[in-house]
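Trainee: Below, each chain spelled out in residue letters.
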Amino acid sequence: MDDIFTIIKAALLLASAVFVLLAAFGILRFKDDLERVLYARVHILGVADGACILALLVMGEPLLAGAYFILVPFASHAIANGFYYGEDKQ
Amino acid sequence: MDILTLSEYILMAALAIYALASMRIATRKTIGMGLVGVGGLSIAVATILIIVQNIYGIAFCKDIATALVLLGPVGTIAFARVLRGYSNG
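Protein sequences appear in the order of chains A and B. Using the numbering used here, you'd call the opening residue of the first sequence number 31 and step up by one each time. Using the numbering used here, you'd call the opening residue of the second sequence number 32 and step up by one each time.
Everything labelled a hint here was simulated from the structure, so no lab data went into it. Take these hints with a grain of salt, some might be off.
Capping the alpha-carbon separation at 25 Å, the derived lysine to any residue pairs in SDA-like fashion look like this [unchecked claim]: (1) 60(B) to 72(B); (2) 39(A) to 76(A); (3) 60(B) to 106(B); (4) 60(B) to 102(B); (5) 39(A) to 33(B); (6) 39(A) to 60(B); (7) 39(A) to 116(A); (8) 39(A) to 41(B); (9) 60(B) to 56(A); (10) 61(A) to 61(B); (11) 61(A) to 76(A); (12) 39(A) to 96(A); (13) 93(B) to 97(A); (14) 61(A) to 115(B); (15) 93(B) to 77(A); (16) 39(A) to 85(B); (17) 39(A) to 116(B); (18) 60(B) to 116(B); (19) 61(A) to 48(A); (20) 60(B) to 60(A); (21) 61(A) to 48(B); (22) 61(A) to 33(B); (23) 39(A) to 77(A).
Model the full structure from these sequences, guided by the hints.
Mentor: Listed below in structure tokens is the structure:
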């Protein structure tokens, strides 16, 4: 029975690694001269955040994962909001 | 080496690549890009530290990871408020 849980944990960690690699590729993919590219990068940041939350849950850190799960939407919204009212309006 | 440790090493390598990509984004000229890069870097480093704690049994890595997970988004929110500007409310 333990072997099944170990295999499931390993599969989830590998899935997290795949998503993190996709996010690393995606965050560098767009050129800087593209208009409002920051929103796309905030979106890609959410993918990596979700993968890291999944990895933290699998590795037995539910408090860290829960805290980050609550905090990170506020941070992403604050970045997009600050960009919209700050740099984008200039 | 069992399959769980192997997958942890693979995740650590993926997170190292993501941390480098985040650092590259953080060095772009606008403040918003810096915030995106540092936000990605903080969670990547925190997850790497948790993996290091799992593999090598270094206990204080969890304390640093906790500080990064809690203070990273808080700092991002604070800096984004500055980016937005005080006059707009």
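Trainee: Which earlier hints turn out false for this structure, listed by number in ascending order?
Mentor: 6, 7, 17, 22
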